Amino acid sequence: MDSLSEYFQSYLTALESYDVVGAFWVNIQLAFWAALGSAVLGTVLALMRISPVPSFRWAGASYVNIFRNTPLTIIMTFCILVLVFQLQLNLSSDFDFNFFLWAVVGLTVYHAAFVCEAIRSGVNTVPLGQAEAARAIGLSFLPAARMIILPQAFRGAIAPLGNTLIALTKNTTVAAAASVPEAAGLMKTMIEFRPDVILAIFATFAAGFVLIVIPIGLLTTWLSTKLAVTR
Amino acid sequence: MRKIRYGMAAMAAGAALVLSACGGGSGSEGGGGEASGGSGGEKVRIGIKYDQPGLGFSSNGQFSGFDVDVAKYVAKELGYSADQIEFVESPSANRENMLANNQVDMIFATYSITDERKKAVDFAGPYFVAGQDLLVRADDTEITGPDSLNGKNLCSVTGSTSAQRIKDEHASNVNLVERPSYAECVTAMQGGQIDAVTTDDIILAGLAAQPNNAGKYKVVGNPFSEENYGVGLPKGTDKCADINAAINKMVEDGSWDEALKKNTEGVDYSYNKELNPPKPTEACA
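Taken in order, these protein sequences are the chains called A and B. According to my numbering, the first sequence is numbered sequentially starting from 1. According to my numbering, the second sequence is numbered sequentially starting from 1001.
Just so you know, the hints here were simulated from the structure itself, not pulled from any lab data. Mixed in with the good hints there might be a few duds.
When the alpha-carbon atoms are kept at most 16 Å apart in a straight line, the in silico EDC-like pairs for lysine to aspartate or glutamate are as follows [stated by the list, open to error]: (1) B:Lys1119 / A:Asp2; (2) B:Lys1273 / B:Asp1257; (3) B:Lys1152 / A:Asp96; (4) B:Lys1152 / B:Asp1140; (5) B:Lys1216 / B:Glu1265; (6) B:Lys1076 / B:Glu1265; (7) B:Lys1152 / B:Asp1115; (8) B:Lys1118 / A:Glu6; (9) B:Lys1072 / B:Glu1086; (10) B:Lys1167 / A:Asp96; (11) B:Lys1273 / B:Glu1226; (12) B:Lys1218 / B:Glu1265; (13) B:Lys1249 / B:Glu1077; (14) B:Lys1279 / B:Glu1265; (15) B:Lys1152 / A:Asp94; (16) B:Lys1119 / A:Glu6; (17) B:Lys1279 / B:Glu1252; (18) B:Lys1118 / B:Glu1142.
Only a predicted model underlies this, so the values are computations on that prediction, with no experimental measurement involved.
Construct all of the structure, not just a fragment, from the sequences and the given hints.
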């Protein structure tokens, strides 16, 4: 019993000496901005892939195939080693914020491919008659997509979009490869310097991600039934 | 129906292939172990780094570095022949677990002795006293120590606090960059976006001594911390006295000095003469 309380005591001192909450906050910020970015980029890509212009379809498909099949770590490392260090492309004059922005860019271009495919699966839930009816009342592609197809497609794609958001949230840990001080990097530091409470540290970070991700899952499940287009 | 059946057969075959591939891998490893173990007695499994040139480095099945040389010497003194040594990779984050789970018998992997770690493992040694230092481009004259880093870009690996320590204690305006490996830090320094890399002096010397980097970088030589590299052992070990005797013998007969020189050859680097060579006592550290 004594050794248990002693272990708990060392665990508490380990927690106190590192900013765990701050590190998770960085992950949440990364997830938020990358989710916004990939939602926009993914929608544009989805539009390209369902558009009547063959070259757009081809470009959209190429993008998805390239970025969906490239490991995120490689995209992130490419951003930092090639774009920042070699080509000196800086998004911000603030040294640390520059890395944060590049991490958001890396996460965005990667997950946009998945968002695009999720929306495309939503488009497939919209009956063909809807597009034909839109065409019949004289709407061209973009207005038809904006007013008829996409609103229904988003509502049908909430579950896969939620999956992508959950994956994105957990993938923010890869931002450590972009020199962003987030939770996975902090966990590495804590394990390196506090091996006496290694399992408790590991459990803490695992629990942290569970706490962040479960509400996202609950929310998207609820939304997907609530907003589903009943046909 | 037939199609489905074919599909399932294909999946089963695929799964079998994957499983047998995994099994085959571990099987051949075990086979290799038995074959060399057969030449005499039990084996000793020593944990080292595989990615730390100059200390513990693996290339094409050959192991080199100062940690490896000390490990070989100590193993010999403990009565193991060269072919009884089995080197196992032990990355920093796994060292305590590998000892606790009996995956290795001892660890020589730039393993600094600290009070927190002593709660989880025992240490023999130290066999070397390193100090945090800086690696800079060979033609750099501005950076002379941690206090001259204001406005410079400083690189260290993810999970180390050495760069943060410089920011907190020496130069508050230093820009910190974290990369997954020191090799990447050095690559970035080549590109010019990084001005200095920080970690223990001997690790930096090992990096600078690599053929690709020869002559391009120098260790500043102004160490500002004290890292006692110990031999990680399972908690409650009885081997400390023997290992420490072996380390002392290695220092006395000159092999220690020779190993250090060999592994930092071609780099302008001299270890901290005040603290080295260490003289471990009989007890565990």
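Hints versus structure:
The suggested pairing of Lys1119 of chain B with Asp2 of chain A holds, with an alpha-carbon distance near 15 Å, which does not exceed 16 Å. The straight-line distance between the Cα atoms of Lys1273 of chain B and Asp1257 of chain B is roughly 11 Å, inside the 16 Å bound, and the hint therefore holds. For the hint linking Lys1152 of chain B to Asp96 of chain A, the alpha-carbon distance of about 13 Å falls within 16 Å, and the restraint holds. For the given pair, Lys1152 of chain B sits about 12 Å from Asp1140 of chain B by alpha-carbon distance, which is consistent with the 16 Å threshold.
Note on Lys1216 of chain B and Glu1265 of chain B: the hinted pairing holds, with a Cα-Cα distance of about 14 Å set against a maximum of 16 Å. Between Lys1076 of chain B and Glu1265 of chain B the alpha-carbon distance is near 25 Å, which puts this suggested pair outside the 16 Å criterion. Restraint check: the Cα-Cα separation between Lys1152 of chain B and Asp1115 of chain B comes to about 33 Å, which exceeds 16 Å; the hinted pair is violated. Simply put, Lys1118 of chain B and Glu6 of chain A have alpha-carbon atoms about 15 Å apart, close enough for the 16 Å limit, and the pair holds.
Distance hint between Lys1072 of chain B and Glu1086 of chain B is fulfilled; the C-alpha atoms sit about 10 Å from each other, no more than 16 Å. As the CA atoms of Lys1167 of chain B and Asp96 of chain A are separated by approximately 13 Å, the hinted pair is consistent with the 16 Å bound. Note on Lys1273 of chain B and Glu1226 of chain B: the hinted pairing holds, with a Cα-Cα distance of about 12 Å set against a maximum of 16 Å. Our distance criterion of 16 Å between C-alpha atoms is met by Lys1218 of chain B and Glu1265 of chain B, whose separation comes to about 12 Å.
At most 16 Å may separate the alpha-carbon atoms for a hinted pair to count; Lys1249 of chain B and Glu1077 of chain B meet this at roughly 9 Å. The hinted pair formed by Lys1279 of chain B and Glu1265 of chain B fails the criterion: a straight-line CA distance of about 24 Å is larger than 16 Å. Between Lys1152 of chain B and Asp94 of chain A the CA atoms are separated by roughly 13 Å; this keeps the pair inside 16 Å, and the hint holds. Proximity of Lys1119 of chain B to Glu6 of chain A is assessed by CA-CA distance (about 11 Å); at most 16 Å being required, the pair is judged to hold.
The straight-line distance between the Cα atoms of Lys1279 of chain B and Glu1252 of chain B is roughly 10 Å, inside the 16 Å bound, and the hint therefore holds. Note on Lys1118 of chain B and Glu1142 of chain B: the hinted pairing is violated, with a Cα-Cα distance of about 39 Å set against a maximum of 16 Å.
Comparing the model with each earlier hint shows violations of hints 6, 7, 14, 18; every other hint is respected.
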